[in-house]
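Read top to bottom, the protein sequences are chains A and B. Start counting the first sequence at 20; every next residue gets the next number (the numbering used here). Start counting the second sequence at 177; every next residue gets the next number (the numbering used here).
Derived from the structure by calculation, the hints contain no laboratory data.
Reference excerpt, derived from the structure (chain B facing chain A, CB under 7 Å, subset only):
#1 ILE354
#2 GLY355
#3 TYR369
Only pairs whose alpha carbons sit at most 30 Å apart, straight line, appear in this in silico BS3-like list of lysine-lysine:
#4 LYS57/A - LYS228/A
#5 LYS277/B - LYS110/A
#6 LYS110/A - LYS32/A
#7 LYS57/A - LYS32/A
#8 LYS127/A - LYS371/B
#9 LYS228/A - LYS149/A
#10 LYS57/A - LYS266/A
#11 LYS32/A - LYS348/B
#12 LYS371/B - LYS451/B
#13 LYS228/A - LYS101/A
#14 LYS348/B - LYS451/B
#15 LYS172/A - LYS363/B
#16 LYS87/A - LYS274/B
#17 LYS277/B - LYS87/A
#18 LYS358/B - LYS127/A
#19 LYS363/B - LYS199/A
#20 LYS149/A - LYS363/B
#21 LYS348/B - LYS47/A
#22 LYS176/A - LYS348/B
#23 LYS363/B - LYS274/B
#24 LYS176/A - LYS371/B
#25 LYS163/A - LYS57/A
#26 LYS229/A - LYS57/A
#27 LYS151/A - LYS176/A
#28 LYS363/B - LYS163/A
#29 LYS348/B - LYS110/A
#30 LYS348/B - LYS163/A
#31 LYS27/A - LYS266/A
#32 LYS127/A - LYS348/B
#33 LYS176/A - LYS363/B
Ideal placement from N, C-alpha and C gives every residue a C-beta, glycine not left out.
Listed here are the chains, written in short residue letters.
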Amino acid sequence: MAKNELKKVMEVKNLFFTYPGAPEPTLKDNNLSIYENKITALIGPSGCGKSTLLRAMNRIHDLYPGFKYEGEINLFSRQSEKMENILELRKENELIGLRQRIGMIFQKPTPFPMSIYDNVAYGLRLQGIKNKGELDGMVEEALKGAAIWKEAKDRLKESAMGMSGGQQQRLCIARSVALKPEILLFDEPTSALDPISTGAIEELISELKKEITIAIVTHNMQQASRLSDYTTFMYLGDIVEFGETEKIFLNPEEKLTEDYITGRFG
Amino acid sequence: MRGRLFRDFSLFSATLAFFLLVGIFAVLFTYAQESLHTFGFDFLYTEIWEPGEDDEGGIFGGYIPILGTLMSTLIAMILATPIAMGIAIFLTEIAHAKIVKPFSIAIELLAAIPSIIYGMWGLFYFAPIVQSLFGGNGVGLLTAGIVLAIMVIPFMAAITRDSMNTTPDVLKESAYAIGATKFEVIKDVVMPYSKGGIIGSIILSLGRALGETMAVAFLIGSVMTLPGKITDPTTSIPVLLANNFAEAQDLEMSSMYYLALILFLVSFIVIALAKFYFLGRKKY
Ligand SMILES: Nc1ncnc2c1ncn2[C@@H]1O[C@H](COP(=O)(O)OP(=O)(O)OP(=O)(O)O)[C@@H](O)[C@H]1O
Ligand SMILES: [Mg+2]
Numbered sequence: 020m021a022k023n024e025l026k027k028v029m030e031v032k033n034l035f036f037t038y039p040g041a042p043e044p045t046l047k048d049n050n051l052s053i054y055e056n057k058i059t060a061l062i063g064p065s066g067c068g069k070s071t072l073l074r075a076m077n078r079i080h081d082l083y084p085g086f087k088y089e090g091e092i093n094l095f096s097r098q099s100e101k102m103e104n105i106l107e108l109r110k111e112n113e114l115i116g117l118r119q120r121i122g123m124i125f126q127k128p129t130p131f132p133m134s135i136y137d138n139v140a141y142g143l144r145l146q147g148i149k150n151k152g153e154l155d156g157m158v159e160e161a162l163k164g165a166a167i168w169k170e171a172k173d174r175l176k177e178s179a180m181g182m183s184g185g186q187q188q189r190l191c192i193a194r195s196v197a198l199k200p201e202i203l204l205f206d207e208p209t210s211a212l213d214p215i216s217t218g219a220i221e222e223l224i225s226e227l228k229k230e231i232t233i234a235i236v237t238h239n240m241q242q243a244s245r246l247s248d249y250t251t252f253m254y255l256g257d258i259v260e261f262g263e264t265e266k267i268f269l270n271p272e273e274k275l276t277e278d279y280i281t282g283r284f285g
Numbered sequence: 177m178r179g180r181l182f183r184d185f186s187l188f189s190a191t192l193a194f195f196l197l198v199g200i201f202a203v204l205f206t207y208a209q210e211s212l213h214t215f216g217f218d219f220l221y222t223e224i225w226e227p228g229e230d231d232e233g234g235i236f237g238g239y240i241p242i243l244g245t246l247m248s249t250l251i252a253m254i255l256a257t258p259i260a261m262g263i264a265i266f267l268t269e270i271a272h273a274k275i276v277k278p279f280s281i282a283i284e285l286l287a288a289i290p291s292i293i294y295g296m297w298g299l300f301y302f303a304p305i306v307q308s309l310f311g312g313n314g315v316g317l318l319t320a321g322i323v324l325a326i327m328v329i330p331f332m333a334a335i336t337r338d339s340m341n342t343t344p345d346v347l348k349e350s351a352y353a354i355g356a357t358k359f360e361v362i363k364d365v366v367m368p369y370s371k372g373g374i375i376g377s378i379i380l381s382l383g384r385a386l387g388e389t390m391a392v393a394f395l396i397g398s399v400m401t402l403p404g405k406i407t408d409p410t411t412s413i414p415v416l417l418a419n420n421f422a423e424a425q426d427l428e429m430s431s432m433y434y435l436a437l438i439l440f441l442v443s444f445i446v447i448a449l450a451k452f453y454f455l456g457r458k459k460y
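Isolated chain B, as found in the complex (with noise of 0.2 Å):
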């Protein structure tokens, strides 16, 4: 009986998670029709953003917040998987029982902050350090990247560190006693037994990076300007649209639906794409 009830509650909750994701499809979709009619795919390449008079008209293109996002995201990934992969090995194979404790609660704590502290602090203290280091003027692609990637780290290193925690100390004893040095252990027992983990965790980074507004408006500059280097200022989707959303009218709010619609895409594409090549091979 109890049985029942709880598969009927499952069935019903992974039912609705699937609507849920259809409806917002729909929502999206359906709010973009005025842009896509307009614009169709030349929306995807073109670099203007500019309402027309009397708030009617107008020429949008996604170029610029698209290409703003993809590379802060890249820049952020990058920067974070090798640095969060280090600290997950160095907190389970590495670091001494007694500073495994404080040092794993730190990494928690930092994985809970809300990212409009991250943004703050960036802009306050880290964007003048980009600047001197790189030039610039402080805000732009590269400092969101590299705050981007000091948020997910934590939150990355953690989920890593907790899978590579569920590798069994007899297989690690069992290559210890053929002869593997530390080394080798990780690289060919614990990080392959955890790969699911570890890929899991990397694909959750991902789409945090990707949706991030807060931090990133801080950041980022939030110009419509195509960056010519890393360190220029430029925008990206959820900032443009957190922005510009009160004022939008008609097809420049058709078109941010668009760009929404974008970012869905992508994100669903990327974790998609990632889950069924990575997982899908579970051959060993």
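Next up, chain A with everything else stripped away, as it sits in the complex (with noise of 0.2 Å):
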């Protein structure tokens, strides 16, 4: 069967997590894989807790004191069966190392005050890659890689906010796919952009899943379906369902998923 062909990426274990200062954990007992070279959709209605999930995949909560997590997620090896616990790294170049394996791409374009080329150069210069023939290289590749190469190429040395949204969005996954991360994490990439933008993006997430494994927090469930192989329903920090995206949609084993689904409530 194929799915014995699947290899684990991650694997959310048990977990917690707190905000500071809440009463109560905001995640409560989350456990889910993500695998190799598929697209795993997070849906839910407003508020219950897929961006959370979304960034202690990458410890982004630590830029901000005061979070708890409890339990595991741990990070698997590309090349070999070794994993390690992403929740147990403590030194600030650990999670650097961490978040280059395990890029994110947010809501709202965020390209950087520099130029197009800058903005896609700069992680691979936090790398310490000075060549410059060098650069060039990797920043076309992942231009191409990013469908930005043709309206970009002319205009590299302009400012990345003189694009437009789904241009600006664009250039933020190859800034990240300069990285050659394994994992990418999107926070509704789409939700900010006109359909024939969204139309873009989500072509090339499903084109980029070839190199690399990809998480999606999404509201459109038109979206969550075409896009993803796999799909997470959340419901007020729970993950109520985990499976196959065909299943999810076409069989739910939970009435409250198939109510999510059906838009029976939102």
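Take each chain as given, in its own frame, and dock them per the hints.
Next comes the structure, spelled out in structure tokens:
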């Protein structure tokens, strides 16, 4: 069976997450797996904890003090069977290493106040790549990978702020792709974009999964069903159901999941 | 209807500001005529300030106060800029939320202290320290420069902090998300993002330092001599104007308008240059 060939890249185990000052955990006993070169969608009503879960996966929560993690988020090495619990990382450079392996794309495009070229080269330079020729090649590859090369190649020196929203979002994807991450986390990457840009980003994401494992938060049911291989339905900080997208959408086990997907509550 | 009224009012205010500028320039220029005719551009590098017998004629040159103004401002800016940036960065990016509030309030209070108090404090408390550390007799360019710096630091830090605070969290998070350190996020995201505000705060502080009278009057020594070393006493344009205005007659008065005109133009040019140079390049 095909299922046996699946390789887990990340496994969330009994995860609890509490925001600073919150009386109880926002995430309660979350369990799910993320499989290599698959797209996993996170769906659920507003405030159910999708972003919170996603932001635990690259420890971006750690930028703000006072939170609490419990449980495990295991990250499997690409080459070997080795795994590590990323919640045990403590040092700043370990977290930096983690975030280079697990990229993140936000709801609103977030180009840096620099040129288009520098936006993509920035992360590479942080990794210590200085050679101009090498950088040029990698920037071009990343821009091609994010399907923005055609629009960007004649204006690499121009500010990224002058691009359209959809172009900026693809630039941000290029910026992450340039680092050759193992996983890319998308938090509602198209909700600020028009339908055409949305289409372009969706196409890009399906293309990217050949190389990169993807987790995506979305409010758009069509998007989740079109795009994803696995779906996680969350409600009030619980993972209600996790499984193959087809099954979740056509034949959910939980009544709650069915109600949400059919739009009976929202 | 309201919209129109509001528009007309803002137009009126904007025009008023422009006419004020032109009006002040015209007054200074008119009253400086006598001195302008007598000394011309020699005024700029003449080191003498001597009224003639019976308050008739005399020789007046602006070299010393002009130099004193520029030097004390330069010292102040060199000291203040890095420290103010450091404070702003500390408050926006590094300090724990609990200490940000009291620290910010302290800075804002310091920025609101009238300059004469800085002058008095500087003279009684700070001048002896400068004297014991650097020699000289306590008052002079260095003391004035340092106290000017202390005076503009809270001001500069407060404005810089406000503009750094406008950097969106997601922008910083995106940089962290591709593996930037805190230092790199500050250097490559926060600083460039708030560049306009930072430059603005430096320019405003520069304007304050150039025109500062009271604090400097206490500390620069107010003597018409060319400083040989950085600790020597000298004078500055605003200090000379404030000290001599009451008694001056005719040519001396006109020469003081000449000095005022120079101060006006220097401030104007510095600010205009900085604005056009930095804010004109709004490419990023
Ligand atoms: N910084 C924070 N501090 C405290 N509570 C927070 C914080 N951020 C989010 N929360 C709370 O955690 C819960 C989950 O929020 P989260 O942003 O993960 O929801 P979401 O599923 O992503 O919602 P949306 O679809 O609206 O983006 C919400 O109840 C929210 O109020
Ligand atoms: Mg969210």
